[in-house]
Amino acid sequence: MNASTDTPAPAISYPDTSAAVGGNGFGRLVLLWFGLLGAVFAVPGVVLCIELGDPEYPALMRRTADFGVMLCILLFCLGPVLSFYMWRKRRIERILRTHPWVVWRVDYECNPTETIVLRDAQDTPISRLTISSSGSQRRAVVDEKATHVWFAGDPLRRGVIARPGGSYPLYVFGSPIRSSGVVPKPKKPQLPLDLPPHLRPGRTRRTAAFCLDLLVHLGCGVAVGIAAAKPTSAQALIALDFDIGRVVLPFLGAWAGASFINRVLLQSVAHTTLGKAVFGLCAIDPETLGFPTFGRLTGAWFMGLYLSAALPLCVVTFSDVPGPDEPKRYLLPAIRHGVPGGMAIAGSVGSIDTRLDGTGREGRE
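Each residue of the sequence shown is one higher than the one before, counting from -8 in this note's numbering.
In case anyone wonders, no lab produced these hints; they're calculated from the structure.
We put the beta carbon where it would ideally sit given N, CA and C, even for glycine.
One or more hints might be untrue.
Said to hold, decoys possible - Derived DEER-like restraints, expressed as beta-carbon distance ranges:
1) Glu135 - Arg19: 31 to 37 Å
2) Pro155 - Val21: 30 to 36 Å
3) Gly156 - Thr195: 57 to 63 Å
4) Met52 - Asp145: 52 to 58 Å
Work the whole structure out from these sequences, hints included.
Pasting the structure below:
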């Protein structure tokens, strides 16, 4: 590994790196929010366009509505994917602006995803990192013959690799190899495994709360779908004697909208969803051991939306798609918010202290 007594220049200062990254950071930010907001507003847009497609409206408006439906479908499916790619590019740029290039010894594997093992000057394995690549990007920076790689970032968690000179930067992420002599950075606090009994919910309760939330979302989708189909009578509804094609998009849109309202808006205010409230549960942020913020809830919801669109695309095209570096950050566990004798939260979550005493038992403030 290269070493220098002077403060090294950031990786972005290299001409090849700067040219590969580009300088239109504002444009990437605009595309990021365009994808997110486009996916959200595509839901009511589909319902509106279907309504404008009725024969009672002028022919020009009906043709415009048909085009609008296709546009909303594209925004709903591709918007989260576009936002995720722009977010990834912005993260690459931040890493390159704050970290210098360092040459590491490397071992390369491709089975089936590309991974590298960074080694220090003593040839000790430091970390195993996955390369976020697909298609022509495979083996574009390193391959089985490579012995060294240019790296910028945190070698224990995430960073950027590039060809010699800093060109063709690719994002990498992974975890340290525990057998190495490198001491990992302290982890953020995680949800204690031995929660007090009055806070620890059973698996049956958690499953029932999830199923109830799912039924609420499905019910909203079915109601809006039936309203959009406009069956002529109750008998026609029971016999499914209506245009099924008019039901699909409003159903999906209302389902996603109800999910966002329940899991993000309601949970950011009340710290619980409808299903969790019925079974006396609330959400907790495993990193802060407090209630999740609106930003954390929104990120978790959009990550679920992104995966619902990206995973089928991955299966159909037999290719890889980028995913979250730390999936556990988007899994918000549920705990009991009621205590015997009342339903007040009374700061039970915030009172947990992750520091352990000499016996290994968790302490309380």
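Verification of the supplied hints:
no.	hint	verdict
1	Glu135 - Arg19: 31 to 37 Å	33 Å, holds
2	Pro155 - Val21: 30 to 36 Å	33 Å, holds
3	Gly156 - Thr195: 57 to 63 Å	58 Å, holds
4	Met52 - Asp145: 52 to 58 Å	55 Å, holds
Of the hints listed earlier, there is not a single one the structure fails to meet.
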